[in-house]
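Participant: Residues per chain are reported as follows:
2 protein chains.
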Amino acid sequence: MGAASALHSQAVAKRVGIASVDLECLDMILLAGPVTAGQIMEHTKLTSGAVTGLIDRLARKGYVERAADPQDRRKVVVRIVPEAIRPILELFAPMAERSAALMRQYSVEELELIADFVEKGTELALERARELEGG
Amino acid sequence: MGAASALHSQAVAKRVGIASVDLECLDMILLAGPVTAGQIMEHTKLTSGAVTGLIDRLARKGYVERAADPQDRRKVVVRIVPEAIRPILELFAPMAERSAALMRQYSVEELELIADFVEKGTELALERARELEGG
DNA sequence: GTCTCATATCTCAGTATCTAAGATAATTAG
DNA sequence: CTAATTATCTTAGATACTGAGATATGAGAC
Numbered sequence: 039m040g041a042a043s044a045l046h047s048q049a050v051a052k053r054v055g056i057a058s059v060d061l062e063c064l065d066m067i068l069l070a071g072p073v074t075a076g077q078i079m080e081h082t083k084l085t086s087g088a089v090t091g092l093i094d095r096l097a098r099k100g101y102v103e104r105a106a107d108p109q110d111r112r113k114v115v116v117r118i119v120p121e122a123i124r125p126i127l128e129l130f131a132p133m134a135e136r137s138a139a140l141m142r143q144y145s146v147e148e149l150e151l152i153a154d155f156v157e158k159g160t161e162l163a164l165e166r167a168r169e170l171e172g173g
Numbered sequence: 039m040g041a042a043s044a045l046h047s048q049a050v051a052k053r054v055g056i057a058s059v060d061l062e063c064l065d066m067i068l069l070a071g072p073v074t075a076g077q078i079m080e081h082t083k084l085t086s087g088a089v090t091g092l093i094d095r096l097a098r099k100g101y102v103e104r105a106a107d108p109q110d111r112r113k114v115v116v117r118i119v120p121e122a123i124r125p126i127l128e129l130f131a132p133m134a135e136r137s138a139a140l141m142r143q144y145s146v147e148e149l150e151l152i153a154d155f156v157e158k159g160t161e162l163a164l165e166r167a168r169e170l171e172g173g
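Note that the protein sequences, when read in sequence, are chains A and B.
With the first letter of the first sequence counted as 1, position 57 gets the number 95 in my numbering; the numbers rise by one all the way through.
With the first letter of the second sequence counted as 1, position 53 gets the number 91 in my numbering; the numbers rise by one all the way through.
No lab work stands behind these hints, which were simulated from the structure alone.
Any given hint might turn out to be false.
If chains are identical, the list can't say which one is meant, so a pair holds when it fits in one copy or spans any two.
Quick list of in silico lysine to any residue cross-link-like pairs, SDA-like style, CA-CA up to 25 Å [unchecked claim]:
id, residue 1, residue 2
1, Lys99, His81
2, Lys158, Pro72
3, Lys158, Val114
4, Lys158, Pro132
5, Lys52, Thr160
6, Lys113, Glu62
7, Lys52, Ala41
8, Lys158, Arg124
9, Lys158, Val50
10, Lys99, Glu62
11, Lys83, Asp65
12, Lys83, Ile56
13, Lys158, Met141
14, Lys158, Val146
15, Lys52, Arg124
16, Lys83, Ser58
17, Lys83, Gly100
18, Lys52, Ala134
19, Lys99, Gly55
20, Lys83, Arg168
21, Lys158, Ala134
22, Lys99, Met66
23, Lys83, Ala57
24, Lys52, Glu169
25, Lys52, Gly172
26, Lys99, Ser145
27, Lys52, Ala153
28, Lys52, Leu170
29, Lys99, Leu170
30, Lys52, Gly159
Go ahead and model the full structure; you've got the sequences and the hints to work with.
Facilitator: What follows is the structure, encoded as structure tokens:
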């Protein structure tokens with residue numbers, strides 16, 4: 039399912055005309071609200087130089103804007119430009135709708151069971167990833 | 039969960055010292071048996087030139103071997119070298135064991151429900167990806 | 001058989017992205 | 001107020017990808 043989901047994202051990215059990493063990053067900014075370049079570094083595991091380039095690409099296409107953080111002026115906060123990403127959200131909409139339709143076929147108890155499994159599986163993967171990075 | 043799974047794969051790839059795409063490709067060859075360069079193209083959505091380079095990298099490190107297809111000598115079949123990938127499989131083992139342990143906490147009926155949901159979700163993503171690529 | 005077209009992979013030039021190291025600027029601690 | 005730290009940007013060099021074209025094999029028409 040992870041592989042299928044990655045293929046879906048890749049297909050959307052190709053339609054939009056941006057790289058998969060760039061789209062993934064855009065999604066992250068959308069979900070996490072305005073984020074700093076450093077947060078993008080942590081999330082994508084890219085170096086600072088690569089993140090600078092990534093933000094440059096997204097900004098050049100108008101999807102995001104850079105702004106100085108008033109609290110800490112070393113930081114750069116990156117904000118989504120809502121109008122610009124609307125076409126992208128529309129490409130995701132059919133998948134979201136069909137997922138919702140799939141979920142409606144299950145009872146609340148069943149969905150809770152599935153969600154619980156998914157959360158535990160996610161935690162397992164994240165924990166093991168941390169282990170591999172650390173030791 | 040897809041993102042977490044991707045992070046786990048990335049962490050394994052980093053430990054092994056190869057790129058994520060290369061590891062993903064190795065996994066595919068392992069699952070699908072000996073495959074041709076063309077099948078790798080389809081799976082990874084890379085161009086033929088990129089796949090040549092990818093096989094070169096895996097072969098140089100000894101993980102796979104090239105061989106001519108006796109049926110069609112234009113084709114190049116790529117085979118896993120089992121001894122070489124053993125250390126990689128060991129890095130995946132803990133995650134596999136813990137996933138198995140998680141699954142043992144559920145009844146057969148519950149697991150069937152979850153598997154069914156996952157399969158349907160996978161099909162949804164693949165179908166939508168095909169739509170985006172086609173129309 | 002041989003000619004043509006299609007298929008499978010490789011090669012190569014140009015482009016893009018990444019890493020690593022170092023520069024710049026702002027913040028924090030002593 | 002100086003030194004150390006933090007956050008981002010810049011740059012050079014390495015690597016990988018795309019697209020076009022080369023090479024070699026296979027398949028069908030005649």
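Participant: Now tell me, hint by hint, if it's right for this structure.
Facilitator: Consistency of the hints with the structure:
no.: 1; hint: Lys99 with His81; verdict: within (21 Å within a copy, 29 Å between copies)
no.: 2; hint: Lys158 with Pro72; verdict: neither (28 Å within a copy, 34 Å between copies)
no.: 3; hint: Lys158 with Val114; verdict: neither (34 Å within a copy, 41 Å between copies)
no.: 4; hint: Lys158 with Pro132; verdict: between (27 Å within a copy, 15 Å between copies)
no.: 5; hint: Lys52 with Thr160; verdict: between (27 Å within a copy, 20 Å between copies)
no.: 6; hint: Lys113 with Glu62; verdict: within (21 Å within a copy, 35 Å between copies)
no.: 7; hint: Lys52 with Ala41; verdict: both (16 Å within a copy, 19 Å between copies)
no.: 8; hint: Lys158 with Arg124; verdict: neither (33 Å within a copy, 27 Å between copies)
no.: 9; hint: Lys158 with Val50; verdict: between (28 Å within a copy, 20 Å between copies)
no.: 10; hint: Lys99 with Glu62; verdict: within (15 Å within a copy, 30 Å between copies)
no.: 11; hint: Lys83 with Asp65; verdict: both (15 Å within a copy, 22 Å between copies)
no.: 12; hint: Lys83 with Ile56; verdict: both (19 Å within a copy, 15 Å between copies)
no.: 13; hint: Lys158 with Met141; verdict: both (19 Å within a copy, 10 Å between copies)
no.: 14; hint: Lys158 with Val146; verdict: both (18 Å within a copy, 18 Å between copies)
no.: 15; hint: Lys52 with Arg124; verdict: within (16 Å within a copy, 35 Å between copies)
no.: 16; hint: Lys83 with Ser58; verdict: both (14 Å within a copy, 12 Å between copies)
no.: 17; hint: Lys83 with Gly100; verdict: within (24 Å within a copy, 27 Å between copies)
no.: 18; hint: Lys52 with Ala134; verdict: within (18 Å within a copy, 32 Å between copies)
no.: 19; hint: Lys99 with Gly55; verdict: within (10 Å within a copy, 34 Å between copies)
no.: 20; hint: Lys83 with Arg168; verdict: within (13 Å within a copy, 29 Å between copies)
no.: 21; hint: Lys158 with Ala134; verdict: both (23 Å within a copy, 14 Å between copies)
no.: 22; hint: Lys99 with Met66; verdict: within (17 Å within a copy, 35 Å between copies)
no.: 23; hint: Lys83 with Ala57; verdict: both (16 Å within a copy, 13 Å between copies)
no.: 24; hint: Lys52 with Glu169; verdict: between (34 Å within a copy, 12 Å between copies)
no.: 25; hint: Lys52 with Gly172; verdict: between (34 Å within a copy, 12 Å between copies)
no.: 26; hint: Lys99 with Ser145; verdict: neither (43 Å within a copy, 50 Å between copies)
no.: 27; hint: Lys52 with Ala153; verdict: neither (30 Å within a copy, 30 Å between copies)
no.: 28; hint: Lys52 with Leu170; verdict: between (32 Å within a copy, 9 Å between copies)
no.: 29; hint: Lys99 with Leu170; verdict: between (36 Å within a copy, 21 Å between copies)
no.: 30; hint: Lys52 with Gly159; verdict: between (29 Å within a copy, 21 Å between copies)
The structure is inconsistent with the numbered hints 2, 3, 8, 26 and 27, although it conforms to all the rest.
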